[in-house]
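Can you build the whole structure from these sequences, using the hints too?
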Amino acid sequence: MTKAMSKHTSTQPVSVRPVLSLHVAASLGLLVTVLAVGCGPTPAASFRTNMVMAAKQRLTTDQERQVATIVEAMFGTPDEPVALPETGLDEAKLLLAAGPVRSDIVGRKNGLYREHCVHCHGITGDGLGPTAAFLNPYPRDYRPGVFKFKSTERADKPTHADLKRILHNGIVGTSMPSFALLGDAQVDALVEYVKYLSMRGETEIKLMQAYFELDDDAQGKLPETREFLVDEVLAGVAEKWKSAADAAIPVPEMPADIDLAASIAKGKELFHGDKANCVKCHGVTALGDGQANDYDDWNKAIVDFGREIAGSREQAAKTSTAEMSPDELAEHKATLAWLEKSRQVLDGDSLRPRTIPPRNLRQAVYRGGRRPLDLYYRIHAGIHGAPMPAAKGTIPPEEIWHIVNYIRSLPYEFDGELGADRSMVASGR
Amino acid sequence: MSIRSIHWPHAVACLLVAVTAVLLCFGALVTTFDAAMAVPDWPATYGHNMFLFPLSEWLHGPWDLFLEHGHRLLGAAAGMVALVLAAATFLQERRRIVRWLVVAAVALVIVQGLLGGARVLLDDRTIAKVHACTGPLFFAVAVAIATLTASGSKPSRRSDGEPAVRAGDANVLPAASACLVAASYIQLVAGAQLRHLDASLDPQTFRQIVVVHLVGAAVVAVLSAVSAAAAWRRPGPAQRGWATVVFLLIACQVLLGGAAWVANWGVPAVAQGTMLDAIAPTGPVVARSLQGSVVVTLHVVLGMAILAASVVLAIRAGAAPFALEAAKPQRAGAVA
Numbered sequence: 000m001t002k003a004m005s006k007h008t009s010t011q012p013v014s015v016r017p018v019l020s021l022h023v024a025a026s027l028g029l030l031v032t033v034l035a036v037g038c039g040p041t042p043a044a045s046f047r048t049n050m051v052m053a054a055k056q057r058l059t060t061d062q063e064r065q066v067a068t069i070v071e072a073m074f075g076t077p078d079e080p081v082a083l084p085e086t087g088l089d090e091a092k093l094l095l096a097a098g099p100v101r102s103d104i105v106g107r108k109n110g111l112y113r114e115h116c117v118h119c120h121g122i123t124g125d126g127l128g129p130t131a132a133f134l135n136p137y138p139r140d141y142r143p144g145v146f147k148f149k150s151t152e153r154a155d156k157p158t159h160a161d162l163k164r165i166l167h168n169g170i171v172g173t174s175m176p177s178f179a180l181l182g183d184a185q186v187d188a189l190v191e192y193v194k195y196l197s198m199r200g201e202t203e204i205k206l207m208q209a210y211f212e213l214d215d216d217a218q219g220k221l222p223e224t225r226e227f228l229v230d231e232v233l234a235g236v237a238e239k240w241k242s243a244a245d246a247a248i249p250v251p252e253m254p255a256d257i258d259l260a261a262s263i264a265k266g267k268e269l270f271h272g273d274k275a276n277c278v279k280c281h282g283v284t285a286l287g288d289g290q291a292n293d294y295d296d297w298n299k300a301i302v303d304f305g306r307e308i309a310g311s312r313e314q315a316a317k318t319s320t321a322e323m324s325p326d327e328l329a330e331h332k333a334t335l336a337w338l339e340k341s342r343q344v345l346d347g348d349s350l351r352p353r354t355i356p357p358r359n360l361r362q363a364v365y366r367g368g369r370r371p372l373d374l375y376y377r378i379h380a381g382i383h384g385a386p387m388p389a390a391k392g393t394i395p396p397e398e399i400w401h402i403v404n405y406i407r408s409l410p411y412e413f414d415g416e417l418g419a420d421r422s423m424v425a426s427g428r
Numbered sequence: 000m001s002i003r004s005i006h007w008p009h010a011v012a013c014l015l016v017a018v019t020a021v022l023l024c025f026g027a028l029v030t031t032f033d034a035a036m037a038v039p040d041w042p043a044t045y046g047h048n049m050f051l052f053p054l055s056e057w058l059h060g061p062w063d064l065f066l067e068h069g070h071r072l073l074g075a076a077a078g079m080v081a082l083v084l085a086a087a088t089f090l091q092e093r094r095r096i097v098r099w100l101v102v103a104a105v106a107l108v109i110v111q112g113l114l115g116g117a118r119v120l121l122d123d124r125t126i127a128k129v130h131a132c133t134g135p136l137f138f139a140v141a142v143a144i145a146t147l148t149a150s151g152s153k154p155s156r157r158s159d160g161e162p163a164v165r166a167g168d169a170n171v172l173p174a175a176s177a178c179l180v181a182a183s184y185i186q187l188v189a190g191a192q193l194r195h196l197d198a199s200l201d202p203q204t205f206r207q208i209v210v211v212h213l214v215g216a217a218v219v220a221v222l223s224a225v226s227a228a229a230a231w232r233r234p235g236p237a238q239r240g241w242a243t244v245v246f247l248l249i250a251c252q253v254l255l256g257g258a259a260w261v262a263n264w265g266v267p268a269v270a271q272g273t274m275l276d277a278i279a280p281t282g283p284v285v286a287r288s289l290q291g292s293v294v295v296t297l298h299v300v301l302g303m304a305i306l307a308a309s310v311v312l313a314i315r316a317g318a319a320p321f322a323l324e325a326a327k328p329q330r331a332g333a334v335a
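Residue numbers (numbering that gives the first Met the number 0), protein chains in the order written: chain C, 0 to 428; chain F, 0 to 335.
Calculated directly from the structure, the hints in this document are not laboratory data. Glycine included, each C-beta is placed from N, C-alpha and C at the ideal position. Be aware that one or more of the hints could be misleading.
[Said to hold, decoys possible] DEER-style ranges, computed between Cβ atoms:
1. F:Val211 - C:Ala315: 57 to 67 Å
2. C:Ile104 - F:Ile96: 24 to 34 Å
3. F:Ile278 - C:Lys332: 27 to 37 Å
4. C:Ala91 - F:Ile96: 53 to 63 Å
5. C:Arg353 - F:Gly282: 22 to 32 Å
6. F:Leu289 - C:Glu226: 30 to 40 Å
7. F:Val300 - C:Ile104: 27 to 37 Å
8. C:Gly287 - F:Val253: 31 to 41 Å
9. F:Leu254 - C:Gly287: 44 to 54 Å
[Unchecked claim] So the derived list for chain F, only partly shown, Cβ under 7 Å to chain C, looks like this:
10. Ala37
11. Pro202
12. Val284
So, in structure tokens, the structure goes:
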């Protein structure tokens, strides 16, 4: 191997020194070309402020700016992320996933998030990437730190392995692709970056909510002390992620000598019964034709805020300002300005809310995974952020296995049995 | 055939079309695999003179390095062939339109190379979009030169011995085919905006670009149908072949467009519950899969093929400004 070849196969960044004259000529040509086509360079990527939350909390522009400054100091920028030790995040992995797509060393590609995820999830991880409006369900907004498919209890964070499994398998029935063809280190880096975006988003939300608890002495500004920002806010967010590894749901083994037919029959009874009450949403036929007008938490937040704004606007329109004192008038005008800003925020920073239909269980399409264990987790803990409730505390673990067995039998049930259970439900109530 | 009897401008133009076609395929693959920054320097490749980069490193190195470096080498090759074409044209061709097209080709290939360099040195996606728009333009010019310098290239309105075209139909094919060239190119420009997505683009703007691309597809489809109908209404078989080829290519392109979307992002929300939902794969999309990458890249390459075929059709149909020039090649010696 020549000296030149060994230079770029090493693990050190390559020193790039093109011939000077070529470089100068090329640069001049570039300048002329860029000016000729009339376009400047693309602006550096930046995180977007969570404007919906800012509007909900009625933050002033100065307060929005303070939050943005604090969050940038704690988490850096999309091109230069920062991982404080308190987060427990691996900065080397973050650097592999962050920034623009480029290789500085042969065979090592940085900017994995922007290559694979940003089109749907957006730079900020707010689920507002360019393609988002065309996808159903919408891409996940990481900022609330809520994830659906995991091996932990409903309110807990997913483990690293949970997120890795989602990336590896994709989510069938949605636009979330499988990244099974990526290397293990690359998937690891992406998972780390998703956790980073989530922690960043949660911290931002907590800071915005903290204004509500400020006393008068604070003069509307958050204390910029390490005790408050890192030890209180950030540590609280990070701790939940760190403890996720130890929060796996204990799953009892399915009895090896289980009578499958009897288990399915028992599961069917539970499915239709009052205790599990699966039919409420999944329908008597299990076609997902029960109650179908509910929203997931992300959409529900937008719907509720939209209703609040609409109601307040209606009320403000009816309010007479004729007999208001100057103070009342100023407050009224401030409310109108907030309502208008909120309306603009909802138009520009959110997507049209969509209901979440219950799953059709006869299609054998299980978004959270098709293993019996995955179905057990879904039934035991429910689906965080979705209307699917947890059976924990209501149904004993061994009975959850009966429901799992029944659900797994549904795609193979004879067509003629569809709807045959209506009478059973009717007579049972 | 002696070497003196070869019409070199046409021969070299055909070579340029062939090299450019492969170059564009590599370019499309570079975008599909987001490999544009696989080599961080330019015009050198990892510190080497581009032409002296070790062959084994290129052929046996990472896939994205293979694509990007190959794209650069092919770009350089296209530039050199364009210069040879310029020399051959100014020696053997007298038609002003051909000479101007060759000048345009040389200018475009230089600008395109510089844009490629700018995209790398500035790491700028806006320039990548412009680069993606200039490539097909250069290809169209190369195809136009090859068509005009071909001995059989005859605008139909100037052909002798063919039955007369009905007055009402005379201008339909030239006009429709000229519009088809413009519409096909605009489609490629809109497609480039979708392929080279700005990470900061908001969903509303993306939706507008998609709508433009879909409306453009409908316009191109209608124009190709009108062109094919006009060609088949003409008495002679002159342009029927090319008009039919364009129409069939566009039919394939519409199907590939839908497949490219599904391969990237699954079934779109508006098509869920429709037939597309029923025929789409039931498993999750696999990022960077061979099938998905081939479908998406083919969609781009076929778009360029449609542009090229439209250019040939327009020239052969006598669309302005090509109809203004004499059809058969005029050699410098013969005219002088």
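For each hint, the structure was consulted:
{"no.": "1", "hint": "F:Val211 - C:Ala315: 57 to 67 Å", "verdict": "violated, 39 Å"}
{"no.": "2", "hint": "C:Ile104 - F:Ile96: 24 to 34 Å", "verdict": "violated, 49 Å"}
{"no.": "3", "hint": "F:Ile278 - C:Lys332: 27 to 37 Å", "verdict": "violated, 57 Å"}
{"no.": "4", "hint": "C:Ala91 - F:Ile96: 53 to 63 Å", "verdict": "holds, 59 Å"}
{"no.": "5", "hint": "C:Arg353 - F:Gly282: 22 to 32 Å", "verdict": "holds, 23 Å"}
{"no.": "6", "hint": "F:Leu289 - C:Glu226: 30 to 40 Å", "verdict": "violated, 54 Å"}
{"no.": "7", "hint": "F:Val300 - C:Ile104: 27 to 37 Å", "verdict": "holds, 31 Å"}
{"no.": "8", "hint": "C:Gly287 - F:Val253: 31 to 41 Å", "verdict": "holds, 32 Å"}
{"no.": "9", "hint": "F:Leu254 - C:Gly287: 44 to 54 Å", "verdict": "violated, 31 Å"}
{"no.": "10", "hint": "Ala37", "verdict": "holds, 5 Å"}
{"no.": "11", "hint": "Pro202", "verdict": "holds, 4 Å"}
{"no.": "12", "hint": "Val284", "verdict": "holds, 4 Å"}
The structure fails to meet hints 1, 2, 3, 6 and 9 from the earlier list, while all remaining hints are met.
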